[in-house]
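Those sequence lines, one after another, are chains L and F.
With numbering that gives the first Met the number 0, you'll find the first sequence wraps up at 148, consecutive numbering, no jumps.
With numbering that gives the first Met the number 0, you'll find the second sequence wraps up at 189, consecutive numbering, no jumps.
Derived from the structure by calculation, the hints contain no laboratory data.
Hints are supplied without guarantee of correctness; some may be wrong.
What the hints assert, rightly or not - No more than 25 angstroms apart at the CA atoms, straight line, and that leaves these computed lysine to any residue pairs for SDA-like:
1. Lys115/F x Trp60/F
2. Lys115/F x Pro125/F
3. Lys115/F x Arg182/F
4. Lys115/F x Leu102/L
5. Lys115/F x Asp69/L
6. Lys115/F x Arg72/F
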Amino acid sequence: MSGDARGWRMALLPHTLTNPRTVAGAALPGAALPGAALPDALGVLTACGYGVLQLPPAGEHGLLLAVIADQIAEYAHHGYAVVAIGVRGEPGGGLHGRRLAPLLRHRGVAPPPRFSLRPDADAAAEGQRLAAFLSGYDLPEEEQRRWRV
Amino acid sequence: MTHAKVALIANCLLNQNAKVCEGAHYRGVVNPVVEALRSRGYELLQLPCPELAFAGVRRWWAVYEQYDTPAYRAHCRRLAQAIAPRIEQHLRRGDEVILIGLDGSPSSGVRFTSSKPDWGGRPNRPEDDWDIVPRRGVWIEELEAELTRRGLPAVPATGWALDMGRFDEAGSRRDLEQFLDSRGIDPAAP
Numbered sequence: 000m001s002g003d004a005r006g007w008r009m010a011l012l013p014h015t016l017t018n019p020r021t022v023a024g025a026a027l028p029g030a031a032l033p034g035a036a037l038p039d040a041l042g043v044l045t046a047c048g049y050g051v052l053q054l055p056p057a058g059e060h061g062l063l064l065a066v067i068a069d070q071i072a073e074y075a076h077h078g079y080a081v082v083a084i085g086v087r088g089e090p091g092g093g094l095h096g097r098r099l100a101p102l103l104r105h106r107g108v109a110p111p112p113r114f115s116l117r118p119d120a121d122a123a124a125e126g127q128r129l130a131a132f133l134s135g136y137d138l139p140e141e142e143q144r145r146w147r148v
Numbered sequence: 000m001t002h003a004k005v006a007l008i009a010n011c012l013l014n015q016n017a018k019v020c021e022g023a024h025y026r027g028v029v030n031p032v033v034e035a036l037r038s039r040g041y042e043l044l045q046l047p048c049p050e051l052a053f054a055g056v057r058r059w060w061a062v063y064e065q066y067d068t069p070a071y072r073a074h075c076r077r078l079a080q081a082i083a084p085r086i087e088q089h090l091r092r093g094d095e096v097i098l099i100g101l102d103g104s105p106s107s108g109v110r111f112t113s114s115k116p117d118w119g120g121r122p123n124r125p126e127d128d129w130d131i132v133p134r135r136g137v138w139i140e141e142l143e144a145e146l147t148r149r150g151l152p153a154v155p156a157t158g159w160a161l162d163m164g165r166f167d168e169a170g171s172r173r174d175l176e177q178f179l180d181s182r183g184i185d186p187a188a189p
């Protein structure tokens, strides 16, 4: 795929990690969630060359989750690496797993490997832990060679 | 009550893996767009990618006319119905909502889309022979129609000029920042 810069890797990201602050005002990298300190996950993903599939906040999003499941399945079936970044302490990590897992199973896709950020840990250290996870993850080389030409 | 600032952004601005083959200019996130929005306090709301969900990640390049079909428009309407409740919630509570599309895209173009009525058949067109015309892409047309059906006001919109033939990042950044910084300025004010 000459002249194409895609990184072939992406992460499912909860609403709260895409938007560290959900009130008006500047959302600065490293901004803390109320009562918790979390790294700027979107910044870490950007630096590691990952794309993002944003998940909605808690609530009923049946049709939207089905649309997102369609996209995950399309990527998973064509040589793209997909992971999920959750937040410990949020219901389901903010990843809608109870709704998304059956949608993925129905499409022949296993749930993506999951990384959980710990709000009670040091934000900088958590950022480094996330970066290490992201940098170290990809599909097996045989699978990469099959698709990434 | 505090009102949020919300930017609806084309799917591929957060995930360049959604682009058609040879169309990705970044590894993943289009950081200049994210930086410009976050530094101004905008919450990001990623729109679905209509082309990926319809024709897949290995789709051919296409122009507006090839996607202007009843089946593709029905698909776009389904996606619009999936995301519209979230947009409606923001608009109903008085949040500032803007849309950042992808200029030149047959689907996500805002100010411009790609056009070539005679494209079709064997995919062997010479390089970059489509035209850029001032028009919405098919997906943006259907999304706006869905918001109108819900009785919602028009959302101020612009496009990141990624699919205009030759990509100029610095120019695109200036253009986007000008759009963002003009928000909330009353032209009638002294």
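Against the structure, the hints come out as follows:
1. Lys115/F x Trp60/F: The hint holds at about 12 angstroms.
2. Lys115/F x Pro125/F: holds, 12 angstroms
3. Lys115/F x Arg182/F: violated, 34 angstroms
4. Lys115/F x Leu102/L: violated, 38 angstroms
5. Lys115/F x Asp69/L: violated, 29 angstroms
6. Lys115/F x Arg72/F: It holds: about 18 angstroms lies between the C-alpha atoms, which stays within 25 angstroms.
In summary, the numbered hints that this structure violates are 3, 4, 5.
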